[in-house]
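Residues per chain are reported as follows:
There are 2 protein chains.
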Amino acid sequence: MIDVCLLGTGGMMPMPFRWLTSLLVRYNGKQILVDCGEGTQITLRKRGFSSNPIDVMLFTHYHADHISGLPGMLLSMANSERTEPVLMVGPRGLERVVNSLRVIAPGLPFQIEFRELSEPEESFTLPGEKDFLIRAFKVQHSVPCYGYAMELSRTGRFQVEKAEALGLEKPLWGRLQKGETIRLEDGRVITPDQVLGETRKGLKLAYVTDTRPCEAIVRAAEGADLMICEGMYGDESKHVDAVQKKHMTFREAAKLAAAAQPEQMWLTHYSPSLLRPEEFMDPVREIFPNAYAGKDGKTTTLRFLED
Amino acid sequence: MIDVCLLGTGGMMPMPFRWLTSLLVRYNGKQILVDCGEGTQITLRKRGFSSNPIDVMLFTHYHADHISGLPGMLLSMANSERTEPVLMVGPRGLERVVNSLRVIAPGLPFQIEFRELSEPEESFTLPGEKDFLIRAFKVQHSVPCYGYAMELSRTGRFQVEKAEALGLEKPLWGRLQKGETIRLEDGRVITPDQVLGETRKGLKLAYVTDTRPCEAIVRAAEGADLMICEGMYGDESKHVDAVQKKHMTFREAAKLAAAAQPEQMWLTHYSPSLLRPEEFMDPVREIFPNAYAGKDGKTTTLRFLED
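Quick note, the sequences are listed as chains A and B, same order.
Going by our numbering, the first residue of the first sequence is number 79, and it counts up by one from there.
Going by our numbering, the first residue of the second sequence is number 79, and it counts up by one from there.
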């Protein structure tokens, strides 16, 4: 299962009533933070999370509202005595931007590993979790900007009758289920597919902010359990601003969801001028019924289907 | 009169229940901000202030909790369409630190003027206000760090009888009171001291954080209307930490106040571990009775004495 917490839902500038947009994803004891604007460490603490075990930081782009909280976050991680390395991922320029911000966070007791994105789409696994794929996809903002899809794959069900037919002892079952290939003493090599049924539906989360609508978003959110999508403006009269500033209206986000058909969509990254996003949701739900106005702290757990 | 608002009272890291230490001072339509840690722009907005008219930013030093909110603040000032220059003052290295942080706030519609401090004490007036003196004084922290005293001087009372004896027409009175020297049509030169009584008591505010106790603090706070002073630790058992980390306990701050005799003292810059500063105030008030545990948003107006 994957825990998801939308730490903040504001765009552009942090407000007293709304933190900047940021997402915390937790899987198997690991934590992934997507973006880190001013105040993210506070909202993280407010929700009861620690900044120590953040293993991966994904950055969509380097506008201040998405990274201005980084120096403080790094120092808080240092203060909580973190020593394990942190992987940072973002568009080209990441290392330069981070090192420049680190003028006020120079000495850290942990290493930072950088992965700079330049291709339209790049994939990598969550360190130590080969079944958890992170896929970065380029979107259309005023500066290079990426969305992220996270996909947890699920092997097929273990077929006891096949394992028994192969004469495999029980201690080997778990290893095969985890994907290990096993060489038996009699010389036979048993691969997982010999004892597993068809691959089952996994979990998928798609996250995208700061972009105009584009095809890459639909592909990334196709069949997702949860699509988190920017909606800078609720009022359709702000469409001109959305086009000019390379953002989206709620209706534009809804159309993407209608095309991608995720289980549900949460909106986020609201303009400071948008005080009550909920008021603009009726027309959104006409286009895509399972849409919700995200709010600070909105949380869910994505679980495998019972089978 | 001078309006003072203690925007935050936390040290080291911002907490969900306490913003980082920062002070807003307002005088005659001008605003001075002392330090700008992560979240300062939020607490400023929360108190109903705008970030647009911040004319001067004074930095005590460049530990992250005192400057990490700067890039976001600058962008908010830009978004509120500020075009007037901003004066920034702080220890040596200011321009380098600010420019490094500006990697995420590159284009601004206003100029930044830098004044870097290197002497043990330096004075300058608030731009456009010759009666408002800002005095920076070096304190004792782990890195170069300054406290700030702000002094508003007050001319003597206007002596109507002297003005009349000199045969001055009424329209000239106000100009003399504002400090202007006037040349009359008959050739006489009238200076303000010819029509003003003795200089009256002005206003004084002293602000100091991130330091061990030192004589410079006492001098700066001597006879101040308000002394705002760091108290990192309430519990005297933390004295060892205070010495090691170059901070102060509440009692140490109280002793400085007892020596300087300001009208009142507010404590600030509490350790994240210090949850209820008020609980430690009894022994502080034994040393200096008019002491208060500052809290976020604590506000006062310093006024000239009636006379």
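Note that these hints are calculated values from the structure, not bench results.
For glycine and all other residues, C-beta sits at the position ideal for the given N, C-alpha and C.
Hints should not be assumed to be uniformly reliable.
[What the hints assert, rightly or not] Have a look at the derived ranges for each label pair, beta carbon to beta carbon:
(1) A:220 to B:222: 56 to 66 Å
(2) A:375 to B:356: 24 to 34 Å
(3) B:209 to A:81: 29 to 39 Å
(4) B:356 to A:202: 27 to 37 Å
(5) A:171 to B:196: 54 to 64 Å
(6) A:313 to B:253: 20 to 30 Å
(7) B:236 to A:220: 57 to 67 Å
[Unchecked claim] Lysine to aspartate or glutamate pairs mimicking EDC-like chemistry, simulated, CA-CA at most 20 Å apart:
(8) A:108 to A:247
(9) A:208 to A:81
(10) B:124 to A:276
(11) A:124 to B:374
(12) B:323 to A:374
(13) A:256 to A:159
(14) A:323 to B:159
Failing hints, ascending? 1, 3, 4, 5, 6, 8, 10, 12 and 13
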